[in-house]
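Residue numbers (the numbering used here), protein chains in the order written: chain P, 112 to 422; chain A, 112 to 422.
Think of the hints as simulated: they come from the structure by calculation, not from any bench. A portion of the hints provided could be inaccurate.
To be verified - Derived CB-CB ranges, DEER-like:
# : chain 1 : residue 1 : chain 2 : residue 2 : range
1 : P       : 186       : A       : 413       : 53 to 63 Å
2 : P       : 184       : A       : 232       : 29 to 39 Å
3 : A       : 267       : P       : 364       : 18 to 28 Å
4 : P       : 416       : A       : 146       : 27 to 37 Å
5 : A       : 123       : P       : 185       : 55 to 65 Å
6 : P       : 328       : A       : 370       : 41 to 51 Å
7 : P       : 116       : A       : 364       : 20 to 30 Å
8 : P       : 169       : A       : 386       : 48 to 58 Å
9 : P       : 186       : A       : 125       : 50 to 60 Å
Unchecked claim - Taking beta-carbon pairs under 7 Å as the criterion, some of the chain A residues facing chain P (in silico):
#  : residue
10 : 177
11 : 180
12 : 186
13 : 205
14 : 211
15 : 280
16 : 362
17 : 366
Said to hold, decoys possible - Away from chain P, derived, C-beta distances all over 10 Å, residues of chain A:
#  : residue
18 : 120
19 : 155
20 : 160
21 : 179
22 : 188
23 : 207
24 : 291
25 : 306
26 : 335
27 : 353
28 : 368
29 : 386
C-beta atoms are modelled at their ideal positions from N, C-alpha and C, and glycine is treated no differently.
2 protein chains.
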Amino acid sequence: MRYFTDTEKSMDLKEINRAIETAFSDHGRDLVQMPPKVYITLPEGDFRTMPAYLPSLSLAGVKIVNVHPGNPSCGLPTVMALTVILDIATGMPVAILNATKLTDMRTGAAGAVAAKYLSPKKEIVLGLIGTGRQAEAQYLAISQELDICEIKCWSRNSLHAEKFAQSITEYNARSVSVEKACDCDVLVTTTPSREPVVRSEWVKEGTHINAIGADAPGKQELDPRLLKRGLVFVDDMAQAVHSGEVNVPITEGLFTTGEIKGTLGEVVIGMKQRGSPDQVTIFDSTGLAIQDLAIAAIAMRKGRTTDLPFP
Amino acid sequence: MRYFTDTEKSMDLKEINRAIETAFSDHGRDLVQMPPKVYITLPEGDFRTMPAYLPSLSLAGVKIVNVHPGNPSCGLPTVMALTVILDIATGMPVAILNATKLTDMRTGAAGAVAAKYLSPKKEIVLGLIGTGRQAEAQYLAISQELDICEIKCWSRNSLHAEKFAQSITEYNARSVSVEKACDCDVLVTTTPSREPVVRSEWVKEGTHINAIGADAPGKQELDPRLLKRGLVFVDDMAQAVHSGEVNVPITEGLFTTGEIKGTLGEVVIGMKQRGSPDQVTIFDSTGLAIQDLAIAAIAMRKGRTTDLPFP
């Protein structure tokens with residue numbers, strides 16, 4: 112059994128996007144086993160257990176990932192993750208990966224795949240609501256698929272937004288008001304908000320939105336009127352209804368599962384698509400265990416390892 | 112983060128029984144978080160993911176365990192397991208344990224706790240149906256709670272039963288017919304059978320049965336008439352209905368969930384008990400994630416470790 116440490120080093124973002132795209136394609140064709148993630152509540156946060164089997168890669172395993180918002184105050188990341196990989200022939204654990212950065216990257220890659228298929232423009236102004244680790248992962252991954260002309264970012268903490276914008280040297284990036292950040296071609300929301308941050312009237316026709324932040328019951332970032340107005344695609348139906356951007360509007364009776372247009376997998380395989388370039392499209396991402404397997408397959412070819420005795 | 116290898120060495124069986132008993136007591140009082148285990152089917156077997164949080168021990172984690180019946184032909188155990196332990200304050204993974212032997216031991220301990228509370232006799236003739244690793248774990252754990260006068264064992268493979276009986280030097284143990292093995296005070300079934308092995312007429316009044324083997328849909332070891340005749344206690348209601356001894360009879364309409372008398376946790380806290388010493392009692396064990404956490408707590412005080420970098 113091998114333990115992989117610095118798994119994210121020297122990984123190619125384009126290669127990751129393609130691997131994630133293939134995983135979504137398998138999901139769209141119903142070729143994977145992936146029960147909805149299981150939540151356990153801890154005193155200061157929670158952890159999620161995500162088992163899956165991806166036959167096309169002959170890969171099975173489980174990601175275990177926590178969310179503890181108070182962690183930065185003690186010098187730890189809010190989100191940390193470990194992935195255990197099993198040999199599919201014998202069920203034996205063969206690898207354990209530090210998957211903290213891989214989790215950021217595979218979520219960024221899902222956003223890139225969604226933007227590739229759903230943005231009607233290939234040269235885009237990118238709006239970022241929220242300027243944390245996931246905002247960075249999103250613009251880096253999206254930049255592999257679309258030409259970014261400009262980045263407009265906003266955070267509740269304007270100092271943080273300023274700093275984030277300054278850290279981006281390869282694009283024209285600046286910190287703006289939330290309303291101005293929403294005036295873009297591809298909008299990415301990555302906040303931990305529990306009430307809408309993005310108002311429908313700020314979003315112009317033809318915008319594609321990656322709604323990333325909502326990943327637990329009670330979380331939401333978008334004005335429910337945006338969901339009514341746009342075409343909503345989810346990563347996984349069961350997970351999105353339970354904990355994605357649509358979870359609160361569905362619970363409150365403002366939106367129904369029947370209004371979900373389809374899954375990203377169905378978009379990737381061409382079964383579903385946006386109608387006209389003037390529609391708003393929304394990708395509701397909760398994060399899939401098959402994304403974790405797909406990126407683990409790449410990381411296991413690149414990372415540094417320690418051998419561990421097993422069985 | 113620490114990796115624990117030879118976790119089962121120098122562990123005290125009595126200490127394990129008490130820890131498992133306490134975990135069941137917490138379960139009976141509804142003080143734990145433990146969603147039903149999640150099954151993923153692989154080409155030659157399956158694996159189960161078992162997350163839980165046991166507040167009384169401040170312990171959270173996930174056991175990942177496979178069942179691959181063909182493994183012995185390539186020199187690997189049928190069942191192998193890994194447990195990941197998280198720090199409950201931060202969600203950070205702090206330990207990984209090789210849990211293959213711990214799984215045997217914690218299942219044996221559950222049988223011992225059930226026999227302690229449900230066998231009307233303290234000096235017992237022990238019947239073992241199935242003579243593999245789990246049969247050994249059961250008699251070793253039960254011997255800590257009850258006085259074993261004699262062991263009668265049976266296996267479909269009589270040579271294997273002979274060898275098993277000869278390996279037991281501390282008790283009068285012998286290989287007998289299946290009918291004779293069932294004529295005992297405490298009967299333990301540990302086979303992978305998919306049809307009843309134990310017939311109701313072979314079991315005398317007052318016998319306590321640990322039904323251990325059935326742990327997946329379609330598996331069963333006992334004549335359904337035994338379930339109707341006896342008092343059935345399960346380890347966990349949802350898991351037992353899905354994959355325990357009762358799963359086939361319930362699916363076939365021969366038994367109902369309403370006929371389940373209660374859980375072992377309820378027995379341990381005194382909420383439920385056998386009625387008279389003449390009744391047959393049955394403990395339907397599927398294996399709980401909280402058992403894995405409870406035994407991990409002991410193993411982490413004893414095992415040899417390797418330090419691994421994380422985060």
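**Request:** Mind listing which of the numbered hints don't hold for this structure, in increasing order?
**Result:** Going through the list in order, the structure violates hints 1, 2, 3, 5, 6, 7, 9, 11, 12, 13, 15, 16, 17, 19, 20, 21, 22 and 23 and respects the others.
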